[in-house]
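There are 2 protein chains.
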Amino acid sequence: MTIVDGALEWREHPDPVAGDHDLLVAVRAAGLNGGDLMQRRGLYPAPPGEPPDIPGLELAGEVVAVGPSVRDFAVGDRVMAVVGGGGQAELARVPERHALAVPDDVAWAEAGGFPEVFTTAHDALFTQCGLTVGDRLCVHGAAGGVGVAAVQLGVLAGAQVTATVRDPDRRADVAALGDGVTVADPADVAAHGPFDVILELVGAPNLPTDLATLAIDGRIAVIGIGAGAKAEVHLGALMATRGVIRGSTLRPRSFEEKAAAARALARHALPALAAGRLRVPVTATFPLAEATAAYDRFAAGGKFGKIVLTG
Amino acid sequence: MTIVDGALEWREHPDPVAGDHDLLVAVRAAGLNGGDLMQRRGLYPAPPGEPPDIPGLELAGEVVAVGPSVRDFAVGDRVMAVVGGGGQAELARVPERHALAVPDDVAWAEAGGFPEVFTTAHDALFTQCGLTVGDRLCVHGAAGGVGVAAVQLGVLAGAQVTATVRDPDRRADVAALGDGVTVADPADVAAHGPFDVILELVGAPNLPTDLATLAIDGRIAVIGIGAGAKAEVHLGALMATRGVIRGSTLRPRSFEEKAAAARALARHALPALAAGRLRVPVTATFPLAEATAAYDRFAAGGKFGKIVLTG
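Listed in order, the protein sequences are those of chains A and B.
Heads up: the first sequence is residues 4 to 314, going by the working numbering.
Heads up: the second sequence is residues 4 to 314, going by the working numbering.
Calculated directly from the structure, the hints in this document are not laboratory data.
Just so you know, these numbers come straight off a predicted model, no measurement behind them.
Hints may be right or wrong, so weigh each one.
Note that the list lumps identical chains together, so a pair holds whenever it fits in one copy or between two copies.
As the list claims (entries may be wrong) - Mimicking SDA-like on lysine to any residue, the simulated pairs with C-alpha atoms at most 25 Å apart in a straight line are:
| hint | residue 1 | residue 2 |
| --- | --- | --- |
| 1 | 233 | 220 |
| 2 | 233 | 211 |
| 3 | 233 | 212 |
| 4 | 233 | 191 |
| 5 | 233 | 24 |
| 6 | 306 | 171 |
| 7 | 306 | 296 |
| 8 | 233 | 208 |
| 9 | 233 | 193 |
| 10 | 306 | 256 |
| 11 | 306 | 50 |
| 12 | 233 | 190 |
| 13 | 233 | 17 |
| 14 | 306 | 263 |
| 15 | 233 | 296 |
| 16 | 233 | 264 |
| 17 | 233 | 40 |
| 18 | 233 | 215 |
| 19 | 233 | 245 |
| 20 | 233 | 189 |
| 21 | 306 | 179 |
Model the full structure from these sequences, guided by the hints.
Here it is as structure tokens:
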């Protein structure tokens, strides 16, 4: 898939080359993410060293070649990974340390939609916010890809999970993600607080409520700002709770940080994925060559979980 | 010292009683802090269990009695401590685990002005923001009590310290706090960034600049909001730096958290205080009975370091 002046065209590119520590992967599925839509609009350029014009931040597929220093994967293995770009293609280069083994019972479409949102949610909840058993977690924007991952990871970790969902039609889906999940209208969330950890996937308009519902020593992770970026923050409220506001994105991180995030996710989440305790709801799949329709579906909103391109 | 309808009066109170693990201390010096002025105005009530009407968040003095379970201090010892209130008095109760030994060569006035600002700065810089050797530190509002402590602790820890001071008359004093300290006009600070750690002692108006000068993985600690509490925070900028904004206050913390902060300060800073590598600049001292004049001097601003009441 190639971005040409904001349009998506299916064009031939030279095959990527696997370096010493890389896998070459025949892509079977590649999830769509908000970053792809931003990149298409020219707002989220690929980092240096990544294909500048081929979108795709995650993929799943079969290993078709390995570099000479690769130790943990072999030709024929099913893998999935977050990539810096170029995932929405027939072939992609994946550094071995960024690759995750796809469990046997996980279908390609689910695997293609797993890495980006589960890495983002896992990193924000556990690595950044130290979510632990018994913590009161609030996920704002829980029906989207990262939200669906975060709600499930929170349940898995023994947190008390409240999820806000704007669209009433999506609330039953979110409630079904795990035992004990409380689904709330965003306007009513204060009745369910305070929260030790708040995952903010909506943006600036939520920050005043986030601060008002933060527990002592609470942590807010801002991962999505689709509804706005300029937030009003009452610093006195932040001081009174000894609170923390963190912002984060995955894509610009260093190779080693991405490897560390992938290894942490492999250790903490792949056993649960293999056991069926984590799942990737897929709203719709589209063939890679019909990416424009997939992007339009994503932009239309109201989806639950992931939209995935299949190869 | 007693707060009576916003005025300060020297009144007799019953002597405090030392519990099993407490020291009874004859106060020789008690530093003033912004919190005292807020408490006098009714804006910063004492926490439960502390004298509601006797101000004073820190003190130094001689131990005159000890509870039966006290192990580390004895009658006659010189001690200093952060207290939840009641420091500006002839006698004060200090939990043993909150007390710090006053080094031999440190005068009472300096000791009385040491605990609150050095605990606040040490906790913010090291415990909360993980300041370490080589980090680029910016202290906004560096001529005040916490600022003077933070600049010195930053130099001691091998950080590269930039200090902003609004009043040009105070800049030479701040520059003399340590080798290599860069003193900047607040309006010019961007020329000295980016910073790994920003200690914000001024408040909301600085936040946009704080975010614009934050390094990747940078940490902002908001400890003072005298210039305003409602900040505009660009969440996109926070995400791009994977930045952190923390708010904090010492006073409402639990007994154990205050003990941990005191023990950390004793371990990390008392040797340097004893060696003369940390100092407490005292602008003026006033007898306890003349507290009103001391509070007026504090409120007038433009001081460098501490104002201390002496007993």
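Next on the checklist: Tell me the numbers of any earlier hints that the structure contravenes, in ascending order.
Outcome noted: Failing hints, ascending: 5, 10, 11, 13, 14, 15, 16.
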